[in-house]
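Novice: Please take these sequences and the hints and turn them into a complete structure.
The opening position of the sequence shown corresponds to residue 2 in the numbering used here, with each subsequent residue numbered one higher.
Where hints are given, some of them may not hold.
What the hints assert, rightly or not - Pairs of lysine-lysine, DSS-like flavour, derived with a Cα cap of 27 Å:
id, residue 1, residue 2
1, Lys13, Lys33
2, Lys43, Lys33
3, Lys40, Lys13
4, Lys13, Lys38
Calculated directly from the structure, the hints in this document are not laboratory data.
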Amino acid sequence: DMVDRGELAYLKLMVEKGVISMDDTVGHAAEKMLDYKRKMLKGPRK
2 DMVDRGELAY LKLMVEKGVI SMDDTVGHAA EKMLDYKRKM LKGPRK
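Specialist: In C-alpha coordinates form, the structure reads like this:
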(Lines of atoms letter the chains of each structure in order from A and count residues from 1; the text may use other names and numbers.)
(Lines give C-alpha, C1' and ligand atoms only; values in the text may rest on other atoms or scores of the structure.)
Protein backbone atom coordinates (compact mmCIF):
# COMPACT_ATOMS: atom_id res chain seq x y z
CA ASP A 1 0.00 0.00 0.00
CA MET A 2 1.38 3.35 -1.06
CA VAL A 3 -0.40 5.37 1.63
CA ASP A 4 1.19 5.21 5.07
CA ARG A 5 -0.89 5.39 8.24
CA GLY A 6 -0.07 9.04 8.87
CA GLU A 7 -1.33 10.05 5.44
CA LEU A 8 -4.42 7.89 5.84
CA ALA A 9 -5.23 9.45 9.21
CA TYR A 10 -4.69 12.88 7.66
CA LEU A 11 -6.97 11.96 4.77
CA LYS A 12 -9.70 10.87 7.19
CA LEU A 13 -9.33 14.14 9.09
CA MET A 14 -9.67 16.12 5.86
CA VAL A 15 -12.83 14.18 5.00
CA GLU A 16 -14.26 14.85 8.45
CA LYS A 17 -13.46 18.56 8.13
CA GLY A 18 -15.14 18.58 4.75
CA VAL A 19 -11.99 19.69 2.94
CA ILE A 20 -12.32 16.66 0.70
CA SER A 21 -15.15 14.21 0.22
CA MET A 22 -15.01 10.43 0.06
CA ASP A 23 -16.24 10.45 -3.55
CA ASP A 24 -13.29 12.57 -4.68
CA THR A 25 -10.90 10.55 -6.76
CA VAL A 26 -7.75 9.62 -4.88
CA GLY A 27 -5.65 11.82 -7.15
CA HIS A 28 -7.95 14.78 -6.66
CA ALA A 29 -8.02 14.23 -2.90
CA ALA A 30 -4.22 14.08 -2.81
CA GLU A 31 -4.07 17.34 -4.77
CA LYS A 32 -6.44 19.05 -2.34
CA MET A 33 -4.48 17.61 0.57
CA LEU A 34 -1.22 19.06 -0.75
CA ASP A 35 -2.93 22.41 -1.28
CA TYR A 36 -4.23 22.32 2.26
CA LYS A 37 -0.82 21.34 3.66
CA ARG A 38 0.80 24.22 1.77
CA LYS A 39 -1.73 26.66 3.22
CA MET A 40 -1.20 25.25 6.69
CA LEU A 41 2.58 25.53 6.35
CA LYS A 42 2.36 29.13 5.15
CA GLY A 43 -0.27 29.90 7.74
CA PRO A 44 -1.68 33.28 8.66
CA ARG A 45 1.44 34.17 10.62
CA LYS A 46 4.54 35.33 8.73
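Novice: Hint by hint, work out which the structure violates, then give me just those numbers in ascending order.
Specialist: none
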